[in-house]
Amino acid sequence: MQYAELFIHSAHLMATMRGYTERPACGEGMSEIGLIEDGAVAIRDGKIIAVGTTEEVRAGGWVGPDTMQISAKGKVVTPGFVDPHTHVLYAGSRENELSLKLKGVPYLEILKQGGGILSTVRSTKQATDEEIKAQTKRRLQTMLSMGTTTVEAKSGYGLMVEDEIRALRLIRELDREQVLDLVPTFMGAHAVPPGYSEEEFTNYVIEDMLPKIAAEGLAEFCDVFCEPGVFSLESSERILLKAKELNLKLKMHADELDSAGGAELAAKLGVISADHLLQASDDGIAALARQGVIAVLLPGTSFNLAKNSYARARAMVLAGVPVALATDSNPGSSPTESMPLILTLACLYLRLTPEEALMAATINSAHAIDRADQVGSLEVGKLGDVLILDIPNLNYLPYHFGSNPVEMVIKRGTVVKHY
1 MQYAELFIHS AHLMATMRGY TERPACGEGM SEIGLIEDGA VAIRDGKIIA
51 VGTTEEVRAG GWVGPDTMQI SAKGKVVTPG FVDPHTHVLY AGSRENELSL
101 KLKGVPYLEI LKQGGGILST VRSTKQATDE EIKAQTKRRL QTMLSMGTTT
151 VEAKSGYGLM VEDEIRALRL IRELDREQVL DLVPTFMGAH AVPPGYSEEE
201 FTNYVIEDML PKIAAEGLAE FCDVFCEPGV FSLESSERIL LKAKELNLKL
251 KMHADELDSA GGAELAAKLG VISADHLLQA SDDGIAALAR QGVIAVLLPG
301 TSFNLAKNSY ARARAMVLAG VPVALATDSN PGSSPTESMP LILTLACLYL
351 RLTPEEALMA ATINSAHAID RADQVGSLEV GKLGDVLILD IPNLNYLPYH
401 FGSNPVEMVI KRGTVVKHY
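Going letter by letter, the sequence shown gives residues 1 to 419 in the numbering used here.
Derived by calculation from the structure, the hints in this document are not laboratory data.
Check each hint, because a few of them may be wrong.
Unchecked claim - Here are the simulated SDA-like cross-link-like pairs (lysine to any residue), alpha carbons at most 25 Å apart as the crow flies: (1) K244 <-> E162; (2) K244 <-> Y204; (3) K73 <-> P392; (4) K101 <-> Q279; (5) K249 <-> K417; (6) K47 <-> G60; (7) K133 <-> K101; (8) K47 <-> G19; (9) K417 <-> Q141; (10) K137 <-> D370.
Please put together the full structure from these sequences, using the hints given.
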């Protein structure tokens, strides 16, 4: 037998999320987080080789004389957080828009004035590759420090094909150059740039951008901002059908600002995830449940926009929709990298329980980026992505906000952050 290289033991509680690798948790399953008291996990060659109580794993013969042993006594152990919706690659910032929001100026009006996404497009175009990567690396390091070990990263601050290819190339480079695993999504349909009508830009995305993006092989997913005033249901469907034809997996920004049938379209197309969903209708929620589409909810965006409007997560859970959580890390509507904060907001405003929120931030989030076979739970064969949280119980995680509960981050079996 080959001994483990790393043995984490004596955890007061270990949340494994076991049993949901084949399909995401939904309904009552959202609370079944696979708790083990006095938990332990053994890792070798970057992957988990044993999970159980400390006594069980020791008795299995996995711990040898050279095994690195870490006590988690009095602590909580979980899988690394998975962040399935971010716009983390960009240059510049948009703190100047805060005063406009405080005055009640709607986002779409800020966009029409050349702010919003278009402002970040300009900043990103003007920055060098090195500047973009340096700024993005700082954000990724913050994510890592707060327990995120896998991140979806979208393009979308280029809007022209050369700039979108550049963004996706930089995401691939960053994936190689730092610890976090990045999952690339093409989102050229993020906004309609000046000089184009919606129809003209939709045709450009379909006829010019998508074939070139697919040929480069730089993106795994295609996303679209499906919203009245941005991309209509018809435009969104055309873009996503072309992406599917080119073997890209599908995601959607849907029903964030208006109840406009985005959830229904997501179900019709069978996308992997529909994201935001603040204004999703009852029929839309039911359709998502029937098709097993994952609802990626972004309470940080609602909190930052201060509209006192949040996605109806309880209704989604009761309907059987698998729910995931993400930061939506971006310079305009959610300038945060903190998944612990998102869990707090999910409990306070989405009305998820701590168990449901943790499920939504780990294995369900992994399903939302098609990585559930690799990450999101502590099970044999999965990557050794593990957090040791300096908290006495699970309730304390969302309860004590504004601080970092992460004592240690283990990525692929290697301690990468220790506080």
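Given the hinted pair K73 and P392, is their alpha-carbon gap at most 25 Å?
holds (10 Å)
Are the Cα atoms of K244 and Y204 separated by 25 Å or less?
holds (17 Å)
Check the hint pairing K417 with Q141 against an upper bound of 25 Å on the C-alpha distance.
holds (10 Å)
Within a Cα-Cα threshold of 25 Å, do K101 and Q279 meet the stated pairing?
Since the Cα atoms of K101 and Q279 sit roughly 20 Å apart, the hinted pair holds (cutoff 25 Å).
Holds or violated: K137 to D370, with C-alpha atoms at most 25 Å apart
Cα-Cα ~24 Å, so holds.
Pair hint K249 and K417, alpha-carbon separation not exceeding 25 Å:
violated (32 Å)
Hey, K47 versus G19, does the alpha-carbon distance stay inside 25 Å?
Cα-Cα ~17 Å, so holds.
Given pair status - E162, K244, alpha carbons within 25 Å:
It holds: about 21 Å lies between the C-alpha atoms, which stays within 25 Å.
Satisfaction of hint between G60 and K47, Cα-Cα up to 25 Å:
Cα-Cα ~17 Å, so holds.
Given the hint that K133 pairs with K101, test it: the Cα-Cα distance must not exceed 25 Å.
Violated, because 29 Å separates the two Cα atoms, which is more than 25 Å.
Consistency note: the structure conflicts with the earlier hints numbered 5 and 7.
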